[in-house]
Amino acid sequence: MDVLLDNWSLYGEGLWGTVQLTILASLLALALGVLMAGFRVAPVGSLRTLGTAWVTVLRNTPLTLLFFAVLLGLPRFGLVLPFQTFAILALGCYTSAFICEVVRSGINTVPVGQGEAARSLGMTFTQSLGLVVLPQAFRTVIPPIGSTLIALAKNSAIAGSFSVTELLGVYKPLNEMGYSIVWSFVWIAVGYLIVTLTISALFNVLEKRWGVRR
Amino acid sequence: MTTTATALYDLPGPRTRVRHRWYGIGATAVILGILAWIAYLLFDTGQFEAEKWRPFAYQGIQDLLLEGLANTLKAFGLAAVLSLALGAVLACGRLSEHRPLRWLATLFVEFFRAMPVLVMIFFVFVALKAQPLTALVTGLTLYNGSVLAEVFRTGINSVERGQREAAYSLGMRKTQVMANVLVPQGVRAMLPAVISQLVVALKDTSLGFLITYEEFLQAGKLIATNLDYDLPFIPVVLIISPIYIGLCMLLSWFANWVGKRERRNVKTSAAEVAPAGPSESLSGPTGADRP
Chain A
1 MDVLLDNWSL
11 YGEGLWGTVQ
21 LTILASLLAL
31 ALGVLMAGFR
41 VAPVGSLRTL
51 GTAWVTVLRN
61 TPLTLLFFAV
71 LLGLPRFGLV
81 LPFQTFAILA
91 LGCYTSAFIC
101 EVVRSGINTV
111 PVGQGEAARS
121 LGMTFTQSLG
131 LVVLPQAFRT
141 VIPPIGSTLI
151 ALAKNSAIAG
161 SFSVTELLGV
171 YKPLNEMGYS
181 IVWSFVWIAV
191 GYLIVTLTIS
201 ALFNVLEKRW
211 GVRR
Chain B
1 MTTTATALYD
11 LPGPRTRVRH
21 RWYGIGATAV
31 ILGILAWIAY
41 LLFDTGQFEA
51 EKWRPFAYQG
61 IQDLLLEGLA
71 NTLKAFGLAA
81 VLSLALGAVL
91 ACGRLSEHRP
101 LRWLATLFVE
111 FFRAMPVLVM
121 IFFVFVALKA
131 QPLTALVTGL
141 TLYNGSVLAE
151 VFRTGINSVE
161 RGQREAAYSL
171 GMRKTQVMAN
181 VLVPQGVRAM
191 LPAVISQLVV
201 ALKDTSLGFL
211 ITYEEFLQAG
221 KLIATNLDYD
231 LPFIPVVLII
241 SPIYIGLCML
251 LSWFANWVGK
261 RERRNVKTSA
271 AEVAPAGPSE
281 SLSGPTGADR
291 P
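Residue numbers (the UniProt record's numbering), protein chains in the order written: chain A, 1 to 214; chain B, 1 to 291.
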């Protein structure tokens, strides 16, 4: 218990770092993921290829390798940004591949008649996708997107090893100060549970509000 | 996919085809432009100079990389076998008829699925002062074992109820029903999802890098930070990532292939074959109540 009370601000900083990473990377992943899902069903061949390549490559990339390449590699090209920004980029791009697949399978659950009705009204591809199909797909993809974002929150732990402030990295100063390692890890675990359970609760609310009633 | 994709737009007529062709050309040009820019950056910062690639011609460096790859595969093999075993045990626990056993297994599975795998690896490494390999394999086993337990359970539950009822009505015992009827069908149905989870395990072996386990990335870092070779960081990334990503892709494709084969198989007609999708979406508390 002492570990937490004595180092309240250290834990707070770590938790805030994890929350920041999670939220910002989630936003990037959602934006990129939906865009790529749109590309994957588009009538233009080269965009479809781009979407497919993006998903296939990023889904099979170990996240540590991506962090390694982005955080240590991009500065060699003269692109120097704060490590946190790099971490958000890596996490967001990685997760966007999973979001893309979730959204695409959501698009596939929308009955074909909806798309047909939309285009019989004379809507273009962008209109029928944006106004008719995606809003309905959104309702079915709430739970799997929640799971993907929880995975993102857990994956953000890797950033700690690349000198970004976040929750797991808290163990290092505590260890040096001579606190019990087991207890400092217990409180780190509790912190992660708080983050993941919050996301889970948030998506349960979203699902209750907008989800498809079965 | 094709049905919905074509439902989103009409079969293009001649004018739309021309328009789409222009869009296609424009998009291709933009994509090629970005690729060319990346290539330019690579050349401009001198990543293809002979000096930076010379080390890879040395026997010692090649051996170092191969050893790293072997260590990665060793960690993967150990983690895969152990997590399959742990998953089977936990699935038995979750499907058990004894309530305390079921609760215990549920608690175990839910806890380790909610924890980042890296926290477990670091805990074993720092708090229990284990060897890097032990820490990596333990962490991967606990996490993937818990996820696989859920996969196995879903597989068993996906077998049609009639199969179980028929087996009981033939006078089979609980264990016989499980071993002779449910498991053979459930495992076949779950095979794609199981292999997909193994892809996750293979990807996560790269976490060993963070606890200084001498795996593939670590070998790459050793070379990349060597001043004698003019810090060949980008060449190292260019060599390591295709091999690593290629290995994962191979395994993913295998999962998809198995999935397609099992869906055609008459032996799985009583159970719904799981898609070989990203098992990422099986993790986390909200994933628990998904079909």
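Source of the hints: derived by calculation from the structure; they are not laboratory data. Keep in mind it's a predicted model, so treat the numbers as computed, not measured. Take these hints with a grain of salt, some might be off.
[Said to hold, decoys possible] A partial selection of chain B residues facing chain A, derived with a Cβ cut-off under 8 Å:
no., residue
1, L210
2, I234
3, C248
The beta carbon of each residue, even a glycine, is placed where N, CA and C say it ideally should be.
Discussion item. To test your reading of the hints: which numbers does this structure violate?
Written reply: none
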